[in-house]
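Peer 1: Just so you know, the sequences run in chain order A and B. Quick note, in UniProt numbering, the first sequence goes up one by one and the last residue is 645. Quick note, in UniProt numbering, the second sequence goes up one by one and the last residue is 301.
Hint data in this document are derived by calculation from the structure and do not stem from the laboratory. Certain hints may be false.
As the list claims (entries may be wrong) - The calculated DSS-like cross-link candidates involving lysine-lysine, where the alpha carbons are at most 30 Å apart (straight line), are:
(1) A:Lys486 - A:Lys606
(2) B:Lys81 - A:Lys606
(3) A:Lys281 - B:Lys225
(4) A:Lys25 - B:Lys48
(5) B:Lys48 - A:Lys108
(6) A:Lys486 - A:Lys452
(7) B:Lys160 - B:Lys124
(8) B:Lys28 - A:Lys606
(9) A:Lys284 - B:Lys48
(10) A:Lys485 - A:Lys385
As the list claims (entries may be wrong) - What follows is a list of derived Cβ distance ranges for each label pair:
(11) B:Lys211 - A:Gly295: 44 to 54 Å
(12) B:His89 - A:Glu619: 51 to 61 Å
(13) B:Thr156 - A:Gly295: 33 to 43 Å
(14) A:Thr368 - B:Gln154: 37 to 47 Å
(15) B:Gly220 - A:Ala409: 55 to 65 Å
Idealized CB from N, CA, C, for every residue including glycine.
Now for the letters of each chain:
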Amino acid sequence: MRHIMAESRAPTDGIRDYLAVQEQKSLLRFLTCGSVDDGKSTLIGRLLSDTKQIFEDQLAALERDSRKHGTTGDDVDFALLVDGLEAEREQGITIDVAYRFFATPKRKFIVADTPGHEQYTRNMATGASTADLAIVLIDARQGVLRQTRRHSIIASLLGIRHIVLAVNKIDLVGFDRAVFERITEDYRQFSHKLGFETIVPIPMSARYGDNVTSRSDKTEWYSGPTLIEHLETVSVDEAVVELPFRFPVQYVNRPNLDFRGFAGTIASGSISPGDEVVVAKSGKSSHVRRIVSHGGDLSQAVAGQAITLVLDDEVEVSRGNMLVSPSARPQVADQFAANIVWFNEHALLPGRSYILRTETDQTGATVTDLKYRVNVNDFAHEAAKSLEMNEVGICNISTRAPIAFDTFAENRSTGAFILIDRITNATVGAGMILHSLRRAENIHWQSLDVGKHGRADMKNQRPAVFWFTGLSGSGKSTIANLFEKKLFATGRHTYILDGDNVRHGLNRDLGFTDVDRVENIRRVAEVARLMADAGLIVIVSFISPFSAERRMARELMADGEFIEVFVDTPFEECARRDPKGLYARALNGEIKNFTGVDSPYETPEKPEIHLKTLGKSAEEMVEALELWLDERDIADNQYDSGGGI
Amino acid sequence: MNIALTHLQRLEAESIHIFREVAATFAKPVMLYSVGKDSSVLMHLAMKAFYPAKPPFPFLNVDTTWKFREMIAFRDQMAQKLGFDLLVHVNEDGVRDNINPFDHGSNTHTHVMKTVALRQALDKYGFDAAFGGARRDEEKSRAKERIFSFRNAQHTWDPKNQRPEMWKIFNTRIATGESIRVFPLSNWTELDIWQYILQEDIPIVPLYFAKQRPVVERDGMLILKDDDRMQLRVGETVENRLVRFRTLGCYPLTGAIESDADTLEAIVGEMLTARTSERQGRLIDRDEAGSMEKKKREGYF
Numbered sequence: 001m002r003h004i005m006a007e008s009r010a011p012t013d014g015i016r017d018y019l020a021v022q023e024q025k026s027l028l029r030f031l032t033c034g035s036v037d038d039g040k041s042t043l044i045g046r047l048l049s050d051t052k053q054i055f056e057d058q059l060a061a062l063e064r065d066s067r068k069h070g071t072t073g074d075d076v077d078f079a080l081l082v083d084g085l086e087a088e089r090e091q092g093i094t095i096d097v098a099y100r101f102f103a104t105p106k107r108k109f110i111v112a113d114t115p116g117h118e119q120y121t122r123n124m125a126t127g128a129s130t131a132d133l134a135i136v137l138i139d140a141r142q143g144v145l146r147q148t149r150r151h152s153i154i155a156s157l158l159g160i161r162h163i164v165l166a167v168n169k170i171d172l173v174g175f176d177r178a179v180f181e182r183i184t185e186d187y188r189q190f191s192h193k194l195g196f197e198t199i200v201p202i203p204m205s206a207r208y209g210d211n212v213t214s215r216s217d218k219t220e221w222y223s224g225p226t227l228i229e230h231l232e233t234v235s236v237d238e239a240v241v242e243l244p245f246r247f248p249v250q251y252v253n254r255p256n257l258d259f260r261g262f263a264g265t266i267a268s269g270s271i272s273p274g275d276e277v278v279v280a281k282s283g284k285s286s287h288v289r290r291i292v293s294h295g296g297d298l299s300q301a302v303a304g305q306a307i308t309l310v311l312d313d314e315v316e317v318s319r320g321n322m323l324v325s326p327s328a329r330p331q332v333a334d335q336f337a338a339n340i341v342w343f344n345e346h347a348l349l350p351g352r353s354y355i356l357r358t359e360t361d362q363t364g365a366t367v368t369d370l371k372y373r374v375n376v377n378d379f380a381h382e383a384a385k386s387l388e389m390n391e392v393g394i395c396n397i398s399t400r401a402p403i404a405f406d407t408f409a410e411n412r413s414t415g416a417f418i419l420i421d422r423i424t425n426a427t428v429g430a431g432m433i434l435h436s437l438r439r440a441e442n443i444h445w446q447s448l449d450v451g452k453h454g455r456a457d458m459k460n461q462r463p464a465v466f467w468f469t470g471l472s473g474s475g476k477s478t479i480a481n482l483f484e485k486k487l488f489a490t491g492r493h494t495y496i497l498d499g500d501n502v503r504h505g506l507n508r509d510l511g512f513t514d515v516d517r518v519e520n521i522r523r524v525a526e527v528a529r530l531m532a533d534a535g536l537i538v539i540v541s542f543i544s545p546f547s548a549e550r551r552m553a554r555e556l557m558a559d560g561e562f563i564e565v566f567v568d569t570p571f572e573e574c575a576r577r578d579p580k581g582l583y584a585r586a587l588n589g590e591i592k593n594f595t596g597v598d599s600p601y602e603t604p605e606k607p608e609i610h611l612k613t614l615g616k617s618a619e620e621m622v623e624a625l626e627l628w629l630d631e632r633d634i635a636d637n638q639y640d641s642g643g644g645i
Numbered sequence: 001m002n003i004a005l006t007h008l009q010r011l012e013a014e015s016i017h018i019f020r021e022v023a024a025t026f027a028k029p030v031m032l033y034s035v036g037k038d039s040s041v042l043m044h045l046a047m048k049a050f051y052p053a054k055p056p057f058p059f060l061n062v063d064t065t066w067k068f069r070e071m072i073a074f075r076d077q078m079a080q081k082l083g084f085d086l087l088v089h090v091n092e093d094g095v096r097d098n099i100n101p102f103d104h105g106s107n108t109h110t111h112v113m114k115t116v117a118l119r120q121a122l123d124k125y126g127f128d129a130a131f132g133g134a135r136r137d138e139e140k141s142r143a144k145e146r147i148f149s150f151r152n153a154q155h156t157w158d159p160k161n162q163r164p165e166m167w168k169i170f171n172t173r174i175a176t177g178e179s180i181r182v183f184p185l186s187n188w189t190e191l192d193i194w195q196y197i198l199q200e201d202i203p204i205v206p207l208y209f210a211k212q213r214p215v216v217e218r219d220g221m222l223i224l225k226d227d228d229r230m231q232l233r234v235g236e237t238v239e240n241r242l243v244r245f246r247t248l249g250c251y252p253l254t255g256a257i258e259s260d261a262d263t264l265e266a267i268v269g270e271m272l273t274a275r276t277s278e279r280q281g282r283l284i285d286r287d288e289a290g291s292m293e294k295k296k297r298e299g300y301f
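The whole structure should be built from the sequences, with the hints applied where relevant.
Peer 2: In structure tokens, the structure reads:
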């Protein structure tokens, strides 16, 4: 390869003028989506190539790669330009979203090229979340497919209001107008409920460039714009500057005692010094004193700017809270309804606790009610007990602490959240808030005069929850019984919640699927919490196979109040003992979802007490429990003195 | 009153948002400072994000011992001028084994002195988040990478299993030993970088400007003879030519271009008529197909 001499020295005088013009260009972010093999990557390659974004060395590499991996015979395979991962090029498919950049004399563009395969839907959603327009590709030979519908629904859910319907590979159907019109009609019929403001159908061939950047002479029956003409002129402005002021506080900047600035990005509206703002969660009011920036204080800042605000008063504001317009405030609630798109191979389970994260806030959250799943083919609402990967559902959500939000329809920044798995930290779902639930607004915690401390002191003890977990037949109930007797004998006020017994009453409506197991534990944990609040020492004896739910139970209790007791008896030993004859039946296939047989048991990683029962008697196990208690200074009974139980 | 943000204002705001997000959610962040133009922009944005405070994290320079001398001088000068906390790390094992680009080739040299060195430094200080200046328009595998890019405890990247990254809501949760690489310049293009340098008057290493420099033509590239460690091969001569650099790295691996662009305006003007991508001047990308992805999976930035 020869070294390169810049072709000619560009005139420098005009550069600043030229750049000033460039700088005033608007920006359009869009994505390409549609089913696999509809030609998404080829279209982007074509756009980059026709707008001169591909350099000589890149073209040389592309020609090399086309010969090696290409699927277009002797022609350059533009898909290889964007499918950047080795696995993608080997398999000839797009796995992950890629971002590409190009500009025309009128606009700058950021394109998200998203995968068509159903298993990579989450990557498509990633691309859609920051886009204002979607190009939905359709193979003219195939028409509207399941994946076309799925992507359109997800685009709609994620707030995209502008669609280009690219009827691609029109050359392969002889540039037939009837095919184009039939597909257009099919798509309009399907999508009329999706709330798109514009749908612009364009017949094109990404491979040969028809109607992409230049008008095709083979589709004289088509009088609409080429793709690039439309992209250059479509108006997608949502006027977020006109919306009420929202400023999610991201970071409190406190370099010294004299400066306290609230840093964040304005989600909507505008702000000037002197304006009144209200702290969303507390309702406290203050005024903006300064808008601090590196280049000097600003007289105004608008949506999209990352700024630092200094207020007049020492109001309490921290990350996760919001500074807002006093006349139009966001909602503050701990229960709301939302659309959820699920990303993870482990299904969404109602009752399981996840981390909910908004732009700056974070709290624990559970889906209290999965109202229905949306069928992406016909929008039918289907009853569902869980949401599998790539499914969409409408859920009621309950958060541990109230969050400040708007509906997603009102504000794409303050109405969105993600859900994170508590153990793996994977991003498992994305949510768009529909509305708060009335019950959250109307039911407030009653502040009671007699408190937990008082009730516990009267019993001369500190409340605690001993959570026994282990396989069926491991000895949980036997040890728990004996333990309670010992505590009772020393004057403690106790209660045992036993798995089998609770299933006869409170939880008689629940079965043994994963969904029901999660709900089973949630209810018991809540009951245990109420009992601890009543001042009791609670002994819970449940298989409780999932670490997520045990963790949820732990987090419900006050610090140090939850004591996880792992009754560790090997599977073989439990199956040998088989006190209720259940293992024999489960191993015969007569009982489904039996823990340890065809349903998993997740071993506790750090239990407070680990009882290895093999070769030991129940009495020895209880002695171990008592020893653990002794080491924690059992003499200190009273709350105020801290320490043991 | 015009309240629509310009393209650069939008990019700047996005980058500042990312900086603050990391500072608010990670225990021990660090900024990788490579001294190049992207690093200069990154540093400028970091200063803006936390003004009037200083960035609440140190700057780490991984010194391969083969960087241009002017880069090292510029690095020390900036640290002094801006008063940031500069950490310099060298892979002493590599120095002991005299790993160098001439004898071991770009692949081995880059792996030992850059990728391994970086992993050593991250482990040594226990950083849980590291800012880098990579842009998505640079290279195909980078175009696929998230802004918050997860690394396991071995610092490796799994491109097939990236966390979905929705809106501006970043999942910053990691377990002990894991870390996140963060790329605030993900959505900037090379032209954006130069425009911003021009607009904000950001200092950059003089090597970007055309000047008469002693170069050797080798393997189709113009290599600056930066010190005596570079031995001439038979038939090679050192010539003074008017050259500059579009990217900076280890001097034996970075080709100069002939150019008379000696001002920022001229550089931008030249860029607008350029017909090759900036990575063309880097030897490491041509070693093998998919070489950047492979390096990234191993922990390269």
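Peer 1: If a hint holds in the structure, say so; if it does not, say that too.
Peer 2: Going down the list of hints, with the structure as the test:
1. About 25 Å separates the Cα atoms of lysine 486 (chain A) and lysine 606 (chain A), which keeps this hinted pair within 30 Å; it holds.
2. Between lysine 81 (chain B) and lysine 606 (chain A) the CA atoms are separated by roughly 49 Å; this puts the pair beyond 30 Å, and the hint is violated.
3. Distance restraint check for lysine 281 (chain A) and lysine 225 (chain B): the Cα-Cα separation of roughly 63 Å exceeds the 30 Å cut-off, and the hinted pair is therefore not satisfied.
4. Simply put, lysine 25 (chain A) and lysine 48 (chain B) have alpha-carbon atoms about 24 Å apart, close enough for the 30 Å limit, and the pair holds.
5. Between lysine 48 (chain B) and lysine 108 (chain A) the alpha-carbon distance is near 25 Å, which keeps this suggested pair within the 30 Å criterion.
6. Proximity of lysine 486 (chain A) to lysine 452 (chain A) is assessed by CA-CA distance (about 24 Å); at most 30 Å being required, the pair is judged to hold.
7. With a C-alpha separation of about 28 Å, the suggested pair lysine 160 (chain B) and lysine 124 (chain B) falls inside the 30 Å cut-off, and the hint holds.
8. About 26 Å separates the Cα atoms of lysine 28 (chain B) and lysine 606 (chain A), which keeps this hinted pair within 30 Å; it holds.
9. Distance hint between lysine 284 (chain A) and lysine 48 (chain B) is fulfilled; the C-alpha atoms sit about 29 Å from each other, no more than 30 Å.
10. With a C-alpha separation of about 40 Å, the suggested pairing of lysine 485 (chain A) with lysine 385 (chain A) is violated against the 30 Å cut-off.
11. Evaluation of the 44 to 54 Å hint for lysine 211 (chain B) and glycine 295 (chain A) yields a failure: the beta carbon distance comes to about 31 Å.
12. Taken as a hint, the range 51 to 61 Å holds for the pair histidine 89 (chain B) and glutamate 619 (chain A), whose Cβ atoms sit roughly 59 Å apart.
13. At about 40 Å, the CB distance of threonine 156 (chain B) to glycine 295 (chain A) agrees with the hint of 33 to 43 Å.
14. The hinted window of 37 to 47 Å between threonine 368 (chain A) and glutamine 154 (chain B) holds, with their beta carbons roughly 39 Å apart.
15. A C-beta distance of roughly 57 Å is found between glycine 220 (chain B) and alanine 409 (chain A), which places it inside the suggested range of 55 to 65 Å.
Hint check: violations occur at hints 2, 3, 10 and 11; the rest are consistent with the structure.
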